[in-house]
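Sequences listed follow chains A and B, in order.
Sequential numbering of the first sequence, starting at 1, is according to the working numbering.
Sequential numbering of the second sequence, starting at 1, is according to the working numbering.
These are calculated hints, taken from the structure and not from any lab test.
Fair warning: this is a prediction, and the values are worked out from it, not measured in the lab.
Check each hint, because a few of them may be wrong.
Where chain A lies over chain B, by a calculated footprint (3+ residues, C-beta under 8 Å) [stated by the list, open to error]:
1) 47 to 60
2) 122 to 129
3) 230 to 239
4) 297 to 307
Straight line, CA to CA, 25 Å or less: simulated DMTMM-like cross-link-like pairs of lysine to aspartate or glutamate [stated by the list, open to error]:
5) B:Lys343 / B:Glu279
6) B:Lys339 / A:Asp191
7) B:Lys317 / B:Asp337
8) B:Lys343 / B:Glu185
9) B:Lys339 / A:Glu193
10) B:Lys343 / B:Asp322
11) B:Lys317 / A:Asp157
12) B:Lys317 / B:Asp234
13) B:Lys343 / B:Glu310
14) B:Lys343 / A:Asp125
15) B:Lys339 / B:Asp322
16) B:Lys317 / A:Glu108
17) B:Lys343 / A:Asp181
18) B:Lys343 / A:Asp157
19) B:Lys339 / B:Glu310
20) B:Lys317 / B:Glu185
21) B:Lys317 / A:Asp181
22) B:Lys343 / A:Asp57
Each residue gets a CB set at the ideal place from its N, CA and C atoms; glycine is no exception.
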Amino acid sequence: MGRHRSNAEPAEHATPWSFLRTLRALRALFVVWLVVGPVRAGATVLLPADLGELSADARAIVRGRVVAVEARWIDDRRGIDTIVTLDVESYLKGALGSTLQFRVPGGELGRFRSIVVGAPEFAVDDRVLVFLGARGPSVPYVLGLSQGVFRIARAADNSGWVVTPPAVFPSAAAARIVRGDPSRRPMALADFEQRVRTLAGGGR
Amino acid sequence: MMSLSCLRRARKAAAFGVTLALTLAPAQPAFAYLKFGVRAGGRQVTLRWTQTPVRYVVSDASVASGVTVSDFQSAVGRAFATWQAVPTASISYQFGGLTGALPGQEDGSSTLGFRNRPEMDRVLASTSFVVDMATGALLESDIFFNSAFAWSVTPAGETGRFDLESIALHEIGHLSGLGHSALGETELREGGGRRVIASGTVMFPIAFTAGSIAGRTLQPDDIAGISDVYPESDFNATAGSLSGHVTSDAQPVFGAHVIAFNPNTLSMVAAFTLNTQGEFSIGGLSPGPYVVRVEPLDDADVESFFSAPETVDFDFKVAFVDRVIVVPRGGGSGSVDVKVVRK
């Protein structure tokens, strides 16, 4: 079979109308099946959160740069987690000092590396915004495994800093989250932080 | 620096022939088309068990409210049986007894059990791996279920409790070498919160509402994945594949989600573009016609799929291949080129 062409826009000029109608019907069936089809399997690892829940639950919301990533033995040296040290640029909620440590499951120690599926990974010089939980005097942890981590990167046009991945903000009304929605884009860091501060109740 | 006790532990590990080093290639997607990609011995290999039955043990060191060790063993046994019953896959499992060890403790045994991990916020269960770095062989895989949550083992499920068998089915998919699948979608709830509204796979990484038992049934995407990793003898001669690459303005797109939808069977199987050429490959497909859709993974949770999320391209619109692609029996579709446009 040869190579096939595709496009985000229908290529009416290249394809018979009858086929296009059929294909459009199939596409519609495709979407309908996913939304209302009988198959509703799931129930997996994570409970999903929106940014409102993360903001409310967080003990601290902090922007900073990773300056150290150090794995350590836990569970009587039968498991590994990683302590991430952040040089704090700003707190959006709470305050835990100018240098902050939090932990993530898994990590690498010498010849050992432990991977926990779905856990975020950090490297020195990463610039991140993290939503942290804490229980008692223990080291804080990232809320929702990877859901509480937003990466800060240069915009594609180099116009400034943006936050990725596209965030899920709370909605007053029920609303499907549609992949490919043009509005779902990395958000300017300043705009993102303004919204998070509002969701967190004006914490600084 | 490793401590002496760590070194002693390293020697102990080596003594039973295990290289306790887990590796998933950094800066590479952690999950290569439903499968874990492992960088081992200088090459990329698929993470899979080389010997079956896969032996597992159940921890009796920790329990959750309302679930006895026997209940737990039965529920995970049913989940193992579901994977083992896939007719096109050759994998099998064997219960090896109870243990006082906890899951997550690297001891050469694949251990399933509860642990109380309240700091694992919003994490119902999780799987970890031990891999031989030299060969890529999967040596140990543990699954912990978070007893900070309420669990159910009843046949019909229980309101407000997560179905242990459903969650076990997902985690055993990981244990067997499958990564997450993105065949699912979520919605924002009125007044706050987010929930899953549909999924075409057990391996979707986000949970349905507590009480659901729908996750006890494998879907075509799961079956294609497990069959592709552990094919029965005639599977590759009867199934087909669909492959190609995704570009935008002639540049390859990394991390695009590519879905193959069979309008005859209403089945969906999906994969991602996973290299710098923007290439994808979807194996284990039933022969027949497919509609192909390409979409960005821009609805959060990208780190459930990719270990280097900054490399994933979100900036494009949904695209369809403008013809039906026919996947032949025992063969490939030919290269399917998909051009997407920026948002």
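Q: For the pair supplied as a hint, Lys317 of chain B and Asp157 of chain A, confirm whether the alpha-carbon distance does not exceed 25 Å.
A: The given pair, whose Cα atoms are some 18 Å apart, holds under the 25 Å limit.
**Q.** Pairwise hint evaluation, Asp57 of chain A against Lys343 of chain B, where the allowed Cα distance is 25 Å at most
**A.** Distance ~33 Å between Lys343 of chain B and Asp57 of chain A Cα, so the pair is violated.
Q. Counting residues of the region 297 to 307 of chain B with a beta carbon closer than 8 Å to any beta carbon of chain A, are there 3 or more?
A. holds (count 9)
Q: Test coverage of the region 122 to 129 of chain B by chain A using CB-CB distances below 8 Å; three residues minimum.
A: With 8 residues close enough to chain A, the hint holds.
Q: Compare the distance between the alpha carbons of Lys339 of chain B and Glu193 of chain A with 25 Å, and conclude whether the hinted pair is satisfied.
A: violated (34 Å)
Q. Taking a Cβ-to-Cβ distance below 8 Å as contact, does the region 230 to 239 of chain B have at least three residues touching chain A?
A. violated (count 0)
Q.
Check the hint pairing Lys317 of chain B with Glu108 of chain A against an upper bound of 25 Å on the C-alpha distance.
A. violated (37 Å)
Q. When you check the alpha-carbon spacing of Lys343 of chain B and Asp181 of chain A, does it fall within 25 Å?
A. holds (8 Å)
Q.
Please verify whether Lys343 of chain B and Glu185 of chain B have alpha carbons no more than 25 Å apart.
A. Measuring from Cα to Cα gives roughly 20 Å; hence the hint holds.
Q: Mind checking the alpha carbons of Lys343 of chain B and Glu279 of chain B for me, to see if they're no more than 25 Å apart?
A: Judged against 25 Å, a Cα distance of about 21 Å means the pair holds.
**Q.** Proposed proximity, Asp191 of chain A with Lys339 of chain B (alpha carbon, max 25 Å)
**A.** Status violated; Cα separation ~31 Å.
Q. Holds or violated: are the alpha carbons of Lys343 of chain B and Glu310 of chain B at most 25 Å from each other?
A. holds (18 Å)
Violated hints, in rising order: 1, 3, 6, 9, 12, 14, 16, 22; the structure is consistent with all others.
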